[in-house]
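S.K.: This is what each chain is made of:
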Amino acid sequence: MPLKVRRIENGTVLDHLPPGTAPLILDILNVDVERTTVLMAINVESSKMGRKDILKIEGKFLEEEEANRVALIAPNATVNIIRNYSVAEKFKVKPPERIEGIVRCPNPNCITNDEREPVEPVFIRESTDDLEYRCRYCERVIRAEQLRELLR
Amino acid sequence: MLENRHVISVRDFTREEIEVILDHAERMEEVYERGGDDRLSGKVLATLFFSPSTRTRLSFETAMLRLGGDVISLVGKEAASTAKGENLADTVRTVEKYCDAIVLRHPKEGAARLAADYASVPVINAGDGANQHPTQTFLDLYTIRKEKGRIEGLKVGLMGDLKYGRTVHSLAYALALFGAEIHLISPEELRMPRYIVRELEEAGAADVEEHRDVRPILGELDVLYVIRIQKEMFPDPEEYERVKGSYRITRELIEEHAREDLIIMHPLPRVDEVDPDVDELPQARYFDQVRNGVVVRMALLDLLLGGEE
Ligand SMILES: [Zn+2]
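Residue numbers (our numbering), protein chains in the order written: chain A, 1 to 152; chain B, 1 to 309.
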């Protein structure tokens, strides 16, 4: 029997997250867990994906661009914006144009891997392929699935 | 269009912008021939070389001096001890107070982009690890256009290590932007990476073809650009011994197979991939590239520092 997760009044529901990824996604979205009510369901049954995670964040309305940051980990995530207990807006995440800070560059000789330099890794999506990113610094092209493994 | 621009990667430039540089270099020929002028008098160029390349540094410094500017530089042991003492971001924020433009060569990929993030004066990348060296590409394009009158539609052979060769990736990309027909000639082990080949097609190359042997295609080429194959790049040393002969340009090969109006280019320094007795052939252009490098860098420095386009 599918698990029921309590409804939220106002906020964002992220659904169809791969099982076990909800804590990481919470981290990527910079949710202040000390001040925010978060409902997290891990490894629940899903008709579409077998198992999935669900994340409900009370009081936070995710902008599309912000939500797209989770696409790296959860490419099929859906985002529901909840107002007054009902879905006010619904969209699927898209691969972000720019990934900043959360993934390290796989090139050991990239300047972003030099701990002395004040620089965060930045990856820009290739215009020709949604699933390829280029390091803004060393210019290496990296597939999105490889980036997923490089999350810091 | 180019005043105060950073010059970090060929991919930051459109074809039109590269043409502005090449056109300006054409005008700079006459200045170069009469020994220079003083249009950059009062301007200071800083050359920071954290990895050695005497050739490149001298070329930039000559270009600046020929236009009446001054040069300060950080090289060798001094550069090494600076790098030990502080990070690149701090060095750049200090040096920019002394100068009007910075030329940087650094062993780490992405170093020039980082420097540009921190500098308010233009930064020119003179090599960041195995990544980019855009002025080499500009001077290569300039040499081709000068010799052939155009780049679009030319059949250009790139031969040697196409996998790791830094200059060849940016050159191939730029040739594609200009609509050249690109022939990639390399051993199987050192083929150009797939994603770059795909990119060449998307960037506008008239055609991209791969070859294991230069002979069948040599007679059709307008330009043959030769790059060194390093033994260390081969997983198997025997394999290297087996293929290296096929990627060497000899006098006989050129005389037998090449067109009279072929031009042979090489980024230099060479080891043994172009025989010394090719030098006297009418096709050899690699020492002209060195000369053109100064002209192109003069043009670039002038444009970055506010010269009329
Ligand atoms: Zn990188």
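Incorrect hints may have been included.
[Said to hold, decoys possible] Distance ranges between label pairs, derived from CB positions: (1) Glu126(A) <-> Ala80(B): 43 to 49 Å; (2) Pro276(B) <-> Val141(A): 37 to 43 Å; (3) Gly101(A) <-> Ala80(B): 27 to 33 Å; (4) Pro52(B) <-> Ile42(A): 20 to 26 Å; (5) Gly50(A) <-> Asp12(B): 43 to 49 Å; (6) Gln146(A) <-> Pro107(B): 52 to 58 Å.
[As the list claims (entries may be wrong)] Covered stretches of chain B, going by a simulated chain A footprint (3 or more residues, C-beta under 8 Å): (7) 80 to 89; (8) 267 to 274.
Just so you know, the hints here were simulated from the structure itself, not pulled from any lab data.
Each residue gets a CB set at the ideal place from its N, CA and C atoms; glycine is no exception.
S.K.: Each hint needs a verdict: does it hold in this structure or not?
M.R.: Tested hints:
1. Glu126(A) <-> Ala80(B): 43 to 49 Å: About 36 Å separates the Cβ atoms of Glu126(A) and Ala80(B), which means 43 to 49 Å is violated.
2. Pro276(B) <-> Val141(A): 37 to 43 Å: holds (38 Å)
3. Gly101(A) <-> Ala80(B): 27 to 33 Å: holds (31 Å)
4. Pro52(B) <-> Ile42(A): 20 to 26 Å: violated (55 Å)
5. Gly50(A) <-> Asp12(B): 43 to 49 Å: holds (45 Å)
6. Gln146(A) <-> Pro107(B): 52 to 58 Å: violated (24 Å)
7. 80 to 89: Since 3 is at least three, the answer is holds.
8. 267 to 274: violated (count 0)
Violation of the numbered hints given earlier is confined to hints 1, 4, 6 and 8; the remaining hints are satisfied by the structure.
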